[in-house]
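Asks: Chain by chain, the residues run as shown.
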Amino acid sequence: MGMTIAEKILSKKVGRKVEAGDLIVCDVDLVMAHDGTAPLAIEQLKSLGVDDVFDPSKIVLVIDHTAPSPSSNISNIHKMMREFARRTSCHFRDIGYGICHQILIEEFVKPWTVVAGADSHTCTHGGLGAFAAGFGSTDITVMMAYGKTWLRVPESIKVEVSGELEWPVTAKDVILHVIGELGSDGATYMAMEFTGECIRKMSVDARFTLTNMAVEAGAKTGLCPVDEKTLEFLKRRDGVTYERLEPDKDAEYADELLVDAGKLEPLVAVPDRVDNVKSVSEVEGLEVDQVFIGTCTNGRYEDLLMAAKILKGRKVHEGVRLIIQPASRRVYLEALNSGLIEIFLKAGAVINPPGCGPCVGRHLGILGDGERCLSTQNRNFKGRMGNPNSEIYLASPVVAAATAIKGEITDPRNLGE
Amino acid sequence: MRIKGRAWKFGDDINTDLIIAGKYKYDTLDMKELAKHAFEAIRPGFSDAVKPGDIIVAGKNFGSGSSREQAPLVIKALGIGAVVAKSFARIFYRNAINIGLPVITCEKAYDAVTEGDELEIDVEKGIIKNLTSGQTLGFRPLPEFMIRILKEGGIVNYLKKYGGFEIAAER
Ligand code: SF4
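Chains X and E, in that order, give the protein sequences.
Every letter in the first sequence is one number past the one before it in numbering that gives the first Met the number 0, and letter 361, counting from 1, is 360.
Every letter in the second sequence is one number past the one before it in numbering that gives the first Met the number 0, and letter 36, counting from 1, is 35.
Calculated from the structure, these hints are not laboratory results.
The C-beta atom is built at its ideal place from N, Cα and C for all residues, glycine as well.
Check before you lean on any hint, since a few could be wrong.
Away from chain E, derived, C-beta distances all over 10 Å, residues of chain X [what the hints assert, rightly or not]:
id, residue
1, His90
2, Leu164
3, Val203
4, Glu255
5, Glu286
6, Val349
Derived BS3-like pairs (lysine-lysine); straight-line CA-CA distance at most 30 Å [stated by the list, open to error]:
id, chain 1, residue 1, chain 2, residue 2
7, E, Lys31, X, Lys381
8, X, Lys11, X, Lys308
9, X, Lys78, E, Lys150
10, E, Lys35, X, Lys45
11, E, Lys150, X, Lys45
12, E, Lys159, X, Lys12
13, X, Lys381, E, Lys85
14, E, Lys50, X, Lys147
15, E, Lys75, X, Lys45
16, E, Lys160, X, Lys45
17, X, Lys78, E, Lys31
18, E, Lys50, X, Lys381
19, E, Lys75, X, Lys381
20, E, Lys75, X, Lys147
From chain X, some residues computed to sit far from chain E (all C-beta separations above 10 Å) [stated by the list, open to error]:
id, residue
21, Met0
22, Lys12
23, Gly20
24, Glu106
25, Asp138
26, Val141
27, Asp184
28, Lys228
29, Asp247
30, Arg329
31, Ile350
32, Ile365
33, Gly369
All chains should be modelled from the sequences, with the hints used to inform the complete structure.
Replies: Next up, the structure:
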């Protein structure tokens, strides 16, 4: 019987053929934790009585969730992370580098590897053909100490996307549609494997938007094949040509979902659930107080470019705060050099420093009571942006930019001149 | 392993932001302190009302969302003996076992239990007794190595005792 992408990676890792349902112990190639999760993991390491990490070159700590620190308590937690990183000589990316997942994409993740992150959106890295999953701090502690973890080889769900994305429809609309179809627990414990014509044509950046949100349907990881596009991306980054990775033709899937990208419309997830998906036209005209463009879902250069297309020469609606936050310093620099930042500033946007910002509700754009925000992030749970008495709508950077201009949820096709 | 206490009912998709909001989790590593805010957006006052040994009975997809281990940790810090749900989100489930919080998957419990019922759970045998209604429900017991981790109060204690990781998965 053929193998899925997940089965191929994990079989190679353990050196024998494994299939969905098998319980395995395997080495991890990369372990990541950020300022929301690393402190607990470091504490736990102490209680485990372990002083050193198994291999500092495979561990990456990032300060991104509250960066720079908004309070003295948090500053102390950051301080503890810095001290730990210095002592163990593991990789450390302090405030200003950007969101942990973006840093991993820009510097660390390789195909055919196992990536473990103390963050639920670690599934993003399947976009580069890594088996990447989120874990809690204690799991990460064990991996920092032993370099291993236990896993159940997951069943896979095949998401085949045919057709072509037509502006203003984007990868974000594809994944919102998929989550709407599967539901918040439709892929629990499974790997979500993306294939099809549309995926092949998609940029690697856009693929990350898909894999990033796999966990919103409960998936353990999201995976894309390693094809021409991926190899180019990695060649540019590492100067190395990696091995391709495709599922076997006769691989077995727990379920299959067909999506015709050409038939999709701009979509929005309405409060308080990510699987509460509607077409933008159904909620068009709803006034918003804040628009946020950024995060590990949609804070990459390509996302900012899409937003700039709409914002160029226009002004943000009076009474709306448009916050734009590049996912990393590199993204920021690219946006600066190509003139996007100027477009944003002239339109009236606020630019946050690279990091998570208001996505997790700790600083840099917390909502007030009764306020409504349209965001490009991946979660609209009650209270996610720091206030349970506020509403979060999720959409693409294109819809977000159009909404900022009109001050109400807007289908970019109805923006006019 | 036996757990006995009153039932508290929660619905479907209780995500980690509802269990403990992200805005608090960066402030402290003191779980007792953090636990005061547990479930506050959907059930204000819960942390004061709950007694050690009490049991959460929930619908599907309990613990969805973030990987924050603070979610099972605050539940444990409140003294909750176990969480019974129709289904769990993957990371929450792993985290709960790792920190020694029993998590029981039982499809029927939600409809068979009323808030405030006295429950008794036998984790190894896979039995939930509703002492209030007299009804008995079965569930598939956890894999043996998970029960062993729970008995040690979490994977950290477990590793300290058994000294290695292989044991944890391969037994
Ligand atoms: S941007 Fe938001 S979803 Fe992404 S890692 Fe940061 S807090 Fe999590």
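Asks: Tell me, which hint numbers fail for this structure?
Replies: Hints 8, 9, 14, 25, 26, 27, 32 not satisfied by this model.
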